[in-house]
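Residues per chain are reported as follows:
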Amino acid sequence: MTGKGYILSLVPIGGFFLCWQLFAHFGFINIALFPPPTKIFTELAALFHQEIAGHSVLLTHLIVTLKRLFLAATEGIIVGIVVGTFMGLSQSVYRFFDPIITWVMPIPGIAMAPLFIVWMGFGDPTIITVGAIATFFPIAYNTSTGIRSVDNQLVRAAQIMGANKARVLAQVYLPWAAVYIFTGVKLGLARCWRTVIAVEFIAAANWGLGYMIWDAAEYLSAGVVYGGIILLAAIFTFIEKGLISPFEKMTIEKWGMVRI
Amino acid sequence: MGDGEDLKSLQAKNKVSEIGQFIAPFLVFGLFWEIMVRSGIANVQTLPAPSMILHELYVLIGKKGVLQCHIYHSFYRLALGYVLAVVAGITIGTVLALQKDLRDMFSPVLSLLISVPTIAWIPVLLITMGLGDKTVITAVFLGGVFEITYSTIAGIRSVHQQQINAARIMGVRGLGLFFKVLLPGSLVSIMPALRLSIGYCWRALVGGEMLSAMIKWGVGKMIYDARFWNDVKVMLVGLIVIAFFGVLLDRIMLKRLEHETVEKWGMLVER
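Heads up: the sequence lines are chains S and P, in that order.
Final position of the first sequence in my numbering is 260; the numbers increase by one with none missing.
Final position of the second sequence in my numbering is 1271; the numbers increase by one with none missing.
Just chain S, with the same shape it has in the complex (with noise of 0.2 angstroms):
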């Protein structure tokens, strides 16, 4: 983007805040439910200064969807990566699961959570598990997509020179569907976020973003509805271009694999 274009993309951001702001200022619009950015902005600080037990309230929240999030996922990527090589490797084992996968992967994970919630309650163990299926789907296909791909000669060349089955699997399928698994791995990363929050709404019991974004909600305290959502994008955005492109660019990138 050039100079010009750059100060032009803060023009509607900042123009939209502003007359937003005078809107409610002037009384064109009710507060109650656009509350100015100025309101929502002290509402999230008093969040953040109100304190239960010693600890700052919106921080608990922020800290509780992320150790979701992260148990969520790492459980997803594992058992993913696992099974998607199993299907890569074995065409008995790909026939079983493509067509599970096929039709399970497009239920969103909020529809799921009901049938959770019966079968483990309210609260962490719920939301862990919907969203480390919800992150299972894309990981699995697509390492084993990428296991498919794998070159056959290039099997045969390193059994020839006397690989086992381990060191072939680790030295010649693995960093050669790691494009793939990368790929599936962003996917599974977003929609982790997407359900955690999602589920949050209905199976939290007491803390995570997306219940104090709810229970706001419930109450018409739209700050914290509007504040909770704006925390949203900027947490994700800063996961997906702060940790991932970079590890991205220190992986893959760096290895010559990413084809455009």
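I should point out that these hints are in silico values taken from the structure, not numbers from a laboratory.
Incorrect hints may have been included.
Stated by the list, open to error - Derived contacts from chain P toward chain S, CB cut-off under 10 angstroms, selection only:
id: 1; residue: 1016
id: 2; residue: 1021
id: 3; residue: 1023
id: 4; residue: 1044
id: 5; residue: 1091
id: 6; residue: 1108
id: 7; residue: 1124
id: 8; residue: 1128
id: 9; residue: 1132
id: 10; residue: 1199
id: 11; residue: 1206
id: 12; residue: 1207
id: 13; residue: 1226
id: 14; residue: 1231
id: 15; residue: 1236
id: 16; residue: 1243
Don't be surprised by glycine CBs; every beta carbon is placed ideally from N, CA and C.
Assemble chain P onto chain S, guided by the hints.
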């Protein structure tokens, strides 16, 4: 023609074995599940057997006749929200693609909006638009519109300037230019987005229906209401319906649409 018949019977056989392979995992899984429940290892209350779920499906469709009504309401919301998203997305996308200054202004807004999960809009909509149909339809709309806008911009920008110039010289202007040159030229990019976004819309629909308290009908609502009675059978029927239509929308409707437009016109580059 002996050969032709052989080929046909071979194709039929392949088809049968394909379907068999497709159903097999579900049969194995279902049978295992059924045995677990019948032998009393799993609790019938929390994990009803597949046969009971099928029976519940039959009861909901045949005896009570409520499932059709849920599905009808869901599809009404989906269709309305999706059509709005397609129209708005393509219109906004076209304008932004053609006007560089506007694009520079609004592309950061777009990338910010696209990173908010659709489900997170629902609390805002519940506050501002109430707990009814309007909220759900808007959620469906928001689920699809950004993706379509994004790919319309990419698609229209990929149309060669020469083609546009050529059309202009021949006197094609305004809407004619849009429908005859820009839209067909950008369909390669728009079609996959239409497919992706109906999936997003479907997801937003289910979430919206579950969270909007004032609506009575809808597949998402059915699942959510079943929660109050811990009625696992109804929940599982709901999940089956959601999965079924999720795949159906993706596969049959939109793949076919893609086949009949982009592929037929020979515009699909080998992927």
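Results for each hint:
| no. | hint | verdict |
| --- | --- | --- |
| 1 | 1016 | violated, 15 angstroms |
| 2 | 1021 | holds, 5 angstroms |
| 3 | 1023 | holds, 8 angstroms |
| 4 | 1044 | violated, 13 angstroms |
| 5 | 1091 | violated, 17 angstroms |
| 6 | 1108 | holds, 5 angstroms |
| 7 | 1124 | holds, 6 angstroms |
| 8 | 1128 | holds, 5 angstroms |
| 9 | 1132 | violated, 15 angstroms |
| 10 | 1199 | holds, 6 angstroms |
| 11 | 1206 | holds, 5 angstroms |
| 12 | 1207 | holds, 5 angstroms |
| 13 | 1226 | holds, 7 angstroms |
| 14 | 1231 | holds, 9 angstroms |
| 15 | 1236 | holds, 7 angstroms |
| 16 | 1243 | holds, 5 angstroms |
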